[in-house]
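Here is what each chain is made of, one letter per residue.
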Amino acid sequence: MSAPRRPTNPSGLERYYVLTKGRSGPGGSASSLDVATLIVSRTAPAPGFQHEHEEILRRCRDPLSAAELGAHLGLPFNILAVLLTDLLEAGHVEARDPIPAHGAGSGPDLALLEEVLSGLQRL
Amino acid sequence: MDFKGFDRPGGPGGGGTRSVKVMIAGGFGTGKTTMVRSVSDIKPLTTEETLTEASADVDRLIGVADKTETTVSLDFGKISLNDTLMLYLFGTPGQERFWFLWNGLFKGALGAVVLVDTRRLASSFRAIEEMERQNVPFVVALNVFPDSKEYPLEEVRDALDISPHTPIVACDARDRASSRDVLVALIRHLKERSAVPLESR
Ligand SMILES: Nc1nc2c(ncn2[C@@H]2O[C@H](COP(=O)(O)OP(=O)(O)OP(=O)(O)O)[C@@H](O)[C@H]2O)c(=O)[nH]1
Ligand SMILES: [Mg+2]
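Heads up: the sequence lines are chains A and B, in that order.
So the first sequence is numbered by numbering that gives the first Met the number 0: it starts at 0 and just counts up by one.
So the second sequence is numbered by numbering that gives the first Met the number 0: it starts at 0 and just counts up by one.
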């Protein structure tokens with residue numbers, strides 16, 4: 000169900016504060032992060048990495064959506080976005096936005112729609 | 000998990016994996032979560048958004064005084080369309096007043112399915128308005144419940160006040176094939192739409 004809930008972990012807020020070093024929202028390159036953006040690691044975690052950063056790099060060896068990553072790590076999207084900003088800025092991960100039905104300025108991507116359609120029909 | 004190395008020539012793992020997303024919208028209790036579950040390849044997950052500056056209004060509605068933090072979750076699922084293309088499905092929060100949290104929730108989506116329970120047509124009005132406002136192409140899926148009456152589709156179209164070009168299909172959100180067919184109807188609609196000049200839509 001999608002009814003609003005209180006955070007189950009009472010110390011949750013404190014934990015998020017620590018994780019994000021008090022930053023409340025993503026800026027820069029992660030501000031456009033979409034729930035369906037695919038995250039791919041570009042480097043292996045190095046010693047001294049923050050635990051969550053390491054975890055992200057480990058889980059994104061194969062591309063994983065930001066939504067899945069957040070669900071696996073148990074982090075709300077906006078907190079995850081802050082962590083991803085760090086990794087993006089340091090070049091440790093790459094982000095690929097979902098492909099919209101039409102590219103900017105160009106017409107609708109018929110080849111893409113056809114590809115989606117044939118994938119669905121194979122289900 | 001597949002532990003691929005990081006040393007592949009030409010950069011990161013995953014080659015050219017791409018994603019597309021489709022939103023599953025509709026009124027409260029119309030079957031959004033059910034549909035995401037029934038078509039997903041993965042065990043459906045939820046992602047959460049934290050609302051830190053709850054307005055007095057939101058606080059009152061959720062019945063918690065002095066609340067500064069609330070969490071709204073979004074169900075999602077994934078369908079692997081082929082080796083390099085993933086379709087992500089996101090069920091919107093049932094309560095539309097939380098949609099603002101999902102900044103750009105519909106941005107970058109191919110389109111949306113708006114689920115409608117014909118016993119409570121009005122519960123999906125807001126979702127339809129929102130699609131029209133944000134210019135998101137959509138299909139209407141009538142989720143059939145045991146005591147749903149069968150209305151002629153044109154009557155439903157009229158009641159929902161949607162354009163004659165917007166497809167309306169009946170479905171059983173609990174059934175994978177039926178939910179898949181709704182997605183097929185959406186993609187076909189997107190293709191047809193693209194064949195028509197913008198002004199005449
Ligand atoms: N008979 C029948 N029942 C359904 C169908 N789809 C959903 N249901 C039931 O209807 C209820 C509501 O379904 P949900 O999938 O939770 O609806 P929702 O739109 O996600 O609800 P909210 O997130 O609360 O807005 C559940 O008890 C489902 O089992 C359907 O196609 N047929
Ligand atoms: Mg739901």
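To be clear, the hints were calculated from the coordinates, so they are not data collected in a lab.
Since the structure is predicted, the reported quantities are computational estimates derived from the model, not experimental observations.
One should not assume that every hint holds.
Derived list of chain B stretches under chain A, where covered just means 3 residues or more per stretch with a C-beta under 8 Å from a C-beta of chain A [what the hints assert, rightly or not]:
hint : segment
1    : 18-25
2    : 34-46
3    : 72-86
4    : 105-119
5    : 183-193
Even glycine gets a Cβ: it sits at the ideal position worked out from N, Cα and C.
Evaluation of the provided hints:
{"no.": "1", "hint": "18-25", "verdict": "holds (count 3)"}
{"no.": "2", "hint": "34-46", "verdict": "holds (count 5)"}
{"no.": "3", "hint": "72-86", "verdict": "holds (count 12)"}
{"no.": "4", "hint": "105-119", "verdict": "holds (count 5)"}
{"no.": "5", "hint": "183-193", "verdict": "holds (count 7)"}
When held up to the earlier numbered hints, the structure conflicts with none and fits them all.
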